[in-house]
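Colleague: What follows is each chain in one-letter form.
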Amino acid sequence: MAEENRGGFGRGRDRGRGRGDRGRKGKGDKGGRDEWVPCTKLGRLVKDGKIKSLEEIFLFSLPIKEFQIVDHILGPALKDEVMQIRPVQKVTAAGQRTRFKTYIAVGDGDGHIGIGCKTANEVANAIRGAVINAKMNVIPIRRGYWGDKSGMPHTVPCKVTGKCGSVRARLIPAPRGSGIVASLIPKKLLTMAGIEDVYTSSTGHTRTRGNLAMAVYYALSKTYSYLSPDLWATTVLTSTPQQEFTDHLSKTNKRA
Amino acid sequence: MDGQRDVLSTATVAHDVDSDVEDDVDDGRRVTLGVPGAWIDESDAAATDVYTNKAGGQPDWYGTELVEGVDRKRLCCGVCGRKMFLLVQVYAPVQTVAARTLYVFACNNGECGNRPGSFKVLRTEIAHSALSGSDGTADEQARPAVDVQAVLAELHSTSVSSSAASKLTPQQLVEQREHHERQKQASEQQKKKKVIEDNIETYNTLNNDWGMGSVWDDSSDSDADDASAGAASKDESKEQSDRIAALLAQRNASDQSSSRPKQNNSTSSGAGRGTSNIKKKKKKTKKQQPKQQSSSASAATNTANAFTSFYLVDQAEPAPKQNAEQAKAQKLYESYLARESNEEKQSSGSSNLSSSWNESYERTGHEEFTRFSQRVARQPEQCLRYDLHGQPLLAAPLRLQFASKAKASHKSRNSSGDGGVPTAVVPPCELCGSRRAFEIQLTPNLLNDMVYADESADADGMDWVTVLVFTCTHHGCGKGKYCDEFVVVQ
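So the protein lines, in turn, are chains A and B. Per the working numbering, the first sequence starts with residue 4, numbered consecutively. Per the working numbering, the second sequence starts with residue 6, numbered consecutively.
Because the hints were derived from the structure by calculation, they are not lab data. Watch out, some of these pointers could steer you wrong.
Under 7 Å between C-beta atoms, here's a sample of chain B residues computed to sit facing chain A [to be verified]:
# : residue
1 : Y341
2 : Q396
3 : V470
As a list, the in silico DSSO-like pairs of lysine-lysine whose alpha-carbon atoms are at most 30 Å apart [stated by the list, open to error]:
#  : chain 1 : residue 1 : chain 2 : residue 2
4  : A       : K191      : B       : K333
5  : A       : K225      : A       : K55
6  : A       : K50       : A       : K93
7  : A       : K225      : A       : K166
8  : B       : K326      : A       : K225
9  : A       : K104      : A       : K225
10 : B       : K125      : A       : K55
11 : A       : K55       : A       : K93
12 : A       : K191      : A       : K225
13 : A       : K225      : A       : K82
14 : A       : K162      : A       : K190
15 : A       : K82       : B       : K333
16 : B       : K326      : A       : K191
17 : B       : K125      : A       : K82
18 : B       : K336      : A       : K53
19 : B       : K125      : A       : K93
20 : A       : K104      : B       : K326
21 : A       : K104      : B       : K333
22 : A       : K190      : A       : K225
23 : A       : K93       : B       : K336
24 : A       : K50       : B       : K336
25 : B       : K326      : A       : K190
26 : B       : K336      : B       : K326
27 : A       : K82       : A       : K152
28 : A       : K152      : A       : K104
Note that the Cβ used here is the ideal one computed from N, Cα and C, for glycine as well.
Assemble the whole structure, with the sequences as input and the hints as a guide.
Modeller: Structure (structure tokens):
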């Protein structure tokens, strides 16, 4: 049915006219098919350089649907590391179907961390997908002081705990110079997050690395949702990036 | 433990098709894509016609007597009442119909959002019989009703109406004069309206196909264009205040030098030559006049309900990209293996057993969007996807959008037929009652290239990821009329 009615978009009479050079008006050359073409408004704003830091996005809890946004802003500072790769199986009529499940953590070492998980038939695909997933899951981390508020923040601002599955991970502020007192997986995560000193305590089946990593991730994400006394002052609400740029543009254009 | 290690180390990095939910799976479908072509020279009246595929600009209408006119109200946003911008105009004939064009309009007002009424799609079809030889006859009949000579004489007279406030600045005087001229023309036209029916197409064809355009060319009086712009002004006063504002904008725009104006903030007066753009501010059905002169004028056009236009060239969709990230993934994998061999093995080998559903933290919540963006990334320049009666590429689950309307049944990804869209969502055609099926969809690059490329355009009015257009499957429905079609915006 579809074939017979296949219409003529492209079979119009003036086909030849459309082809030709496309001198882009002031946007410069495109890098061919590999360059990122944003699909969302936020992506466009980021690509145009109107949003310069992730904090502007985090402030309004805008969903990050394109991982290139994070890539564009954080750039080479973002390091990724594989937490775990394990095969998982599903029983089918034709035997077992094995796929690989990958956990990857990305972080810039200065307050941003993300964990991605992906399962795919091959390891490379899984890794690639998990990296993308991790970049979309990047969250900010609040750091604070253990005692003396001198120098830069170096530890978590308060005791926070996160849980995933049976694993409970607890992060406790530590004095300067303690270093990250944790086992391997949390240590990696906390280094990537940019925390210098912290005590940890975990319970549950911590051998499930995926759950342990997620538990630490949730604990870290709670640092910004914890209302500490120094945040008691009321904040002035600003307009979202979309709104802000709409207003900006509409001011420069006279419209009826 | 060792078993696990062996499995991992023998995993090869081969290309595989059957991957997870989010990946760009090659299902063999290749739709036709519309990619941007050359920019349209707006001063060239012959640059576009009803048979061109283009994005932006003003729509080109069929000019036969058989085609019912499109009045202003129809092209106004259903939410805010402002005039809508033409997004794309697609010439898409099907076998049984000779000429068939789709026009997709959208409201550029950010506050309208994507609410119903802020998008509109018109479709018109002309049968074979109507096309052959009809163009001549239709306009021959229409033409005598327009007394061209009389109109011309009228225009060339430059009567400056004496205004009560003679202390107006020159700019305002000119404005006012033009205002009055327009009013006069408008009333002229009102009379003619009764003679011809409210059909702007005849004026269009008069101007373009039958050499009438040259008449207006010669006229140096800017008001010549006003008369030619066509009659039906039902909401006259609103229109004229629109025109004044547009005129102001044109003045400001034309004040800048030939380079494109970015900030239209200047209030100094300028010459009155920007009025060639006023007609663009009028009914969008007006075809572009040859008087379009400079780039500043074209920039000012954007305040007049049109984006800068370019052609759309058709192209077949390419195959999924071979991923270029293999090397990086491989490197990560190897470093992981190296680490594993050094560290104490954590045996999760026993937990190999089935986990056929994902954990809660593994679903990102936007799988559909990821699939969409990966599919679109095969050809990042695409603005339009054409797949008559095929399957639309959704950017978000439909059941969330139409929670009240959509059926509870699970929408299968691989379903064909109505493209996986529940019929409860897409209403049948109003004219003939037959089912509507998917035809074209617009992709985000249209906004990138058309709206955002032009810095003077009011770029932030629209914010959608994709616009799906569903058209009546009964071809030949509504011959000679402009019919509304259904739109899903995500």
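Colleague: Within a Cα-Cα threshold of 30 Å, do K125/B and K93/A meet the stated pairing?
Modeller: Violated. K125/B to K93/A sits at ~47 Å, over the 30 Å cutoff.
Colleague: Hint check: K326/B vs K190/A, CA-CA at most 30 Å. Holds or violated?
Modeller: Since the Cα atoms of K326/B and K190/A sit roughly 37 Å apart, the hinted pair is violated (cutoff 30 Å).
Colleague: Tell me if the straight-line CA distance from K190/A to K225/A falls inside 30 Å.
Modeller: 18 Å, holds
Colleague: Between K225/A and K82/A, is the straight-line Cα distance small enough, at 30 Å or below?
Modeller: 22 Å, holds
Colleague: Checking one constraint from the list: CA of K104/A to CA of K225/A, max 30 Å. Satisfied?
Modeller: 26 Å, holds
Colleague: Check the hint pairing K93/A with K336/B against an upper bound of 30 Å on the C-alpha distance.
Modeller: The given pair, whose Cα atoms are some 28 Å apart, holds under the 30 Å limit.
Colleague: Given the proposed pairing of K55/A with K93/A, does the C-alpha separation stay at or below 30 Å?
Modeller: 44 Å, violated
Colleague: Within a Cα-Cα threshold of 30 Å, do K326/B and K225/A meet the stated pairing?
Modeller: Cα-Cα ~39 Å, so violated.
Colleague: With the threshold set at 30 Å, check whether the alpha-carbon distance from K104/A to K333/B stays at or below it.
Modeller: 18 Å, holds
Colleague: K82/A and K152/A were given as a pair; does the straight-line alpha-carbon distance stay at or below 30 Å?
Modeller: Within the cut-off at roughly 29 Å; holds.
Colleague: K50/A and K93/A were given as a pair; does the straight-line alpha-carbon distance stay at or below 30 Å?
Modeller: 41 Å, violated
Colleague: For the pair supplied as a hint, K152/A and K104/A, is the alpha-carbon distance within the 30 Å limit?
Modeller: Violated: K152/A and K104/A sit about 42 Å apart, past 30 Å.
Checked against the numbered hints above, the structure breaks hints 2, 6, 8, 10, 11, 16, 17, 18, 19, 25, 28 and satisfies the rest.
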